[in-house]
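For the record, the sequence lines run as chains A and B. Each residue of the first sequence is one higher than the one before, counting from 8 in this note's numbering. Each residue of the second sequence is one higher than the one before, counting from 39 in this note's numbering.
Please keep in mind that the hints were generated in silico from the structure rather than gathered at the bench. Beta carbons are placed, not taken as given, at the ideal position from N, Cα and C, and that holds for glycine. Hints should not be assumed to be uniformly reliable.
What the simulated footprint calls covered on chain B by chain A, stretch by stretch (three residues with Cβ under 8 Å from a Cβ of chain A suffice, anywhere in the stretch; the number is not a length) [what the hints assert, rightly or not]:
(1) 93–107
(2) 169–181
Stretch by stretch, here's where chain A covers chain B in the computed footprint (C-beta under 8 Å, at least three residues) [as the list claims (entries may be wrong)]:
(3) 116–124
(4) 192–201
With the Cβ distance kept under 7 Å, some of the chain A side facing chain B (calculated, not the full set) [unchecked claim]:
(5) Leu21
(6) Val64
(7) Pro67
(8) Ser75
(9) Met272
Residues per chain are reported as follows:
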Amino acid sequence: MATSTIQNTDTVPLPPPDAEVLTTACGYCIVACSYKVYRWPVGREGGMAADQNALGVDFPSASGSWISPAQHNIGMHEGRPHHMVVIPDPDADVVNRNGNHSVRGGTLAQKIYNPNTPTRDRLKYPMVRIAGVLTPVSWDLATDVMAAVSKHVLKTKGEHAWGMKTYSYEYFENTYAISKLVNRAIGTPVYAPHDKPQNAEDAAGLDDAGLNSFAASYEDWGKCDVAFLSGVDPYETKTVLFTEWMMYGENPDKKMIFVTPHRTMGVEYGLKNGGLWLPVTPGTDTALHLALAKIIIDNGWQDQEFIDKWVNNKWEIESGFGRGTRNTRWQWRTTWGRWQSDWEDYQKFISNEKAAELSEAAAITGLDADLIEATAEMIAKPRQDGSRPKTSFMLEKGNYWSNNYMNTASLAALGLFCGAGNRPGQVISRGGGHQRGGMSAGGGKGWLSPEKYPGRRKKALNVDRWVMDGNVSFMWTIGLTWFAAMLSSQELSSRVADLTVRNPHHPRNLNRDHLIETLTKRVDSGGMVLVNSDIYPVEPLNTQYADIVLPAAGWGEVDFARCNAERRLRLYAKFNDAPGEAKPDWWAISRFAQKMGFKGFDWEESNDIFEEAARHSRGGVLNYYALAVHAKREGKKAHEKLRDLGTTGIQTPIRVIDGQLVGTKRLHDPDNDWGEIEDVTTDQKWLYAFGTHTGKANLLKTPWTNDSWSDFYAAIQPRPDKGEIWITNGRVNEVWQSGFDDLRKPYLAKRWPWSHIVIHPDDAAPHGIESGDLVEGFNDTVYVQTGKPIGVKDKELSFTELMNSGHIKTVTGQFVAVAIVSDEIRPGVAKAAFNYPGSMANAVCHAVPDPVTGNYRYKLGRGVLRRIGESTYKKNFLEMSLKPRPIA
Amino acid sequence: MTDLQTAPGAAEPKRMCFNRRDFLILGGAAVTVLATYGEGAQAQQLVTSSYARKVIGKLSGLRPGVAVPFNYPTDDIENILVMLNEEAGAGVGEDRNIVAFNTVCPHMGGYMDASVFKPEYSVLGPCPLHLSTFDLTKHGMIVSGHSTASLPQIALELDGDDIVATGAMGLFYGYSRNPSGA
């Protein structure tokens, strides 16, 4: 195992033929490649001949089966040290065929707890902060205190003062337990997943159109002729989807169109292979989509047959709603005059929409008009023989985290015009971020949210704002960075510090009564008791602020299940012991809930929850109920039935055909109509039609100028007189999210030992910034929404009205990163690493949500760049390559 | 930064040429200090068991930006020798810019010969299979891509006009144990 800075390893142990083999999947990005774990006791090794090792290949191997030194570790199994080799499954025939992998998954073995490595700082015991210092305690004492304070909060302040913010994805078993506690036991609306301030849709424009965000299979991205990739380079963030399916796949000659200000390696590959790069000005994608739609419609390139068959007309849209309140989000939006449309209406709209005119769109987006025209031709123009290119549309954060509703709704419309959405190679789908590990127990209490859309319609609660306004007395956070992931990060972090460490009431010893009494005084004085569960120290959330810290057991330490971007469900097997007293989060929930007196939380193992949750999966796209029922009939545990399916797993929704479990490749596809519903199969219209009341898609129009966007966008523009530029942010291939594991993997830690920011030479030169310099990004005007506005009339949640009513305050934000000066980025835009510990690039972004959806505009930061000096990486040869990313 | 030529223990390079039997006789305690890197607190020592010494090129025959293939430590293992336009980790020569690296991508074994060397960036790649690139100034560190290790670097010394390969840093793709060539 390489632990020195210079790699000096020239050997790796081979698993002997009798090594145990377990299956799992990568724990990081949504692609979820298949992995195998080889485990055997220390003290012996396999040999280089094929019959002497468990891989069954001769070494040196030319077969593709190889073990990199980063794929070996020594961990504990049943209390005894074992060799553990974690390699991409060389036999995989789905996802990462033949053992393809990313550098993230390829280094999974380095995440195994081993006190000889940087993983030694894993959280091992429950801790309580005593006089500022985290002090080990028992699970019993920690959960006693949590329950006593929670009971006091619920009794004296009610469920709105008790909140949770947790990952949305960390396996069905954990998220089901969390949701059962939040929704059914506590019954609070104060809940948000890790990536949002509120519990609502990510890409609402897609949902409203009737498109499930994860309708596609990886095969579709391989099969398409043209891939329109909006706000994403899958090479960077969904690596094996790109390197296995998009570069190769059924049609390796596909053309790729990238809409992103950053020319990363995938973009460079696309350009080299006949594709296009549209370096769009941040936030302007909607204008691009409108211009493309207009060119397509003006030339008659739309897929008319598809539109006629699959898009709702005016009467079909209206038909579903009767005379009800139109109180739910999608009902309100799709029938509100601003967005509601249909084919007839859209043609009128687009012919009168100024932003759709080519010259205007070019000015708004900062793109050459020729490039926009070339894009329209590539995605929609029928060939000479009349056949159409199979175009698929992928969107990710650069699209929907910059102008949330309009970008997603306009992309959905554009895709539908091109005949995409429900056919092989013609899909409209998210690429995805985290894996699909969310499983709800139902019974959500969102309707208790005090926030309302115009017309007093239901709106999810913004938990960040609710906390900042001092309304939360007990907050339990699980597996997230919170501040760095949200916006105006420093303001949020500072407010949480006010409510916790800067409150005068802090325990001074471990006496149970003293702990409860002191933290109750905290609550009664207007402060907040903060609990955090994680696997590592997280700065500053649990290192500085949390009163109670609970050690979690995660990937590889407990049997878990979840799906990937193509809804492929697999068992993530336990293969090593969690350190110390670390327990899975469901276990912590279970112990806490039982002390609260709640029934139905007495699970003994994670399979108990997997089986219980199956019933609740039936209504959704992650439906695995049939698997659980069949397992029971066979007298085996549902986890074991899933384990039998190995690294292939099965794509949900799972159905029964001729007595066999059958997966679902693609949603909305009419070829999914398999006749009679058999056994415990759940019939859903969206399996073979779009997810609307009619089964046809909703077309939505998106006027560029409106009061939910234009005034905000004008206010947050970089101000030339101050020397500001856009400061956006994004992920990089070699770092997964906050780098929680990567910074403890020696090789990846030296690749990116500190946060970076890519700056165009034109923007760097005035400040004398060179590659390797430390740079501060600083925004002296960061807008933060405050209070709990209730919309009665249409305009009340617009930026202008919020400003007028005193619900916008102004703060500052900054972060420091190492400059990479390169013309790979659009001039006037710098791109910082997202969520890097100690460098919160989101601090320069505005915590004012899209009033249509409640989601933040995360990618629209701005600020000045200020040179601090040289970083240690500028002139050393050991760490942090400063070379450009797109070298091809 | 200490040049390889003056690294401790390298003053009489020919004596450092242990064969595998010598290494075993010495009980594994004998290691050759090939180089030190970095400055002050960052200084690192690379230690390795003995590899064969092999003359792989002539200093007078090198031209900046032109990669020269050679095999080391065995005839099965192909590498390239390059004179970069900038100083590099473990670089030898007056400008410390002469380095050598293995040509097989440690991701999945893609072959990266001299034709994918990018002298303007001092980068090898992209790998034709999945586009990984490697920074030859930083010991073959991944720039962008999927390799879970740096590209194995061949340690070099100068002996007059001779460029001598003396060891390898990193496990070659496909191997469970590097051959020493001795």
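For each hint, the structure was consulted:
1. Only when three residues or more bring their CB closer than 8 Å to a CB of chain A does the claim for the region 93–107 of chain B stand; here the count is 0, and the claim is violated.
2. Against chain A, the region 169–181 of chain B contributes 9 residues with a C-beta closer than 8 Å to a partner C-beta. That satisfies the three-residue criterion, and the hint holds.
3. With a threshold of 8 Å between beta carbons, the proposed coverage of the region 116–124 of chain B by chain A is violated, since 0 of its residues qualify and at least three are required.
4. Remark: the region 192–201 of chain B is not confirmed as covered by chain A, as 0 of its residues place a Cβ nearer than 8 Å to a Cβ of that chain, below the required three.
5. Given the 7 Å rule on beta carbons, the hint for A/Leu21 holds: about 5 Å separates it from the nearest Cβ of chain B.
6. A hinted interface residue such as A/Val64 counts as satisfied when its beta carbon comes closer than 7 Å to some beta carbon of chain B; here the least separation is about 10 Å, so the hint is violated.
7. The closest approach between the C-beta of A/Pro67 and any C-beta of chain B is roughly 4 Å, which is under the 7 Å cut-off, so the hint is satisfied.
8. Interface restraint check for A/Ser75: the shortest CB-CB distance to chain B comes to about 4 Å, inside 7 Å, so the restraint holds.
9. Interface restraint check for A/Met272: the shortest CB-CB distance to chain B comes to about 5 Å, inside 7 Å, so the restraint holds.
Hint violations for this structure: numbers 1, 3, 4 and 6, all remaining hints satisfied.
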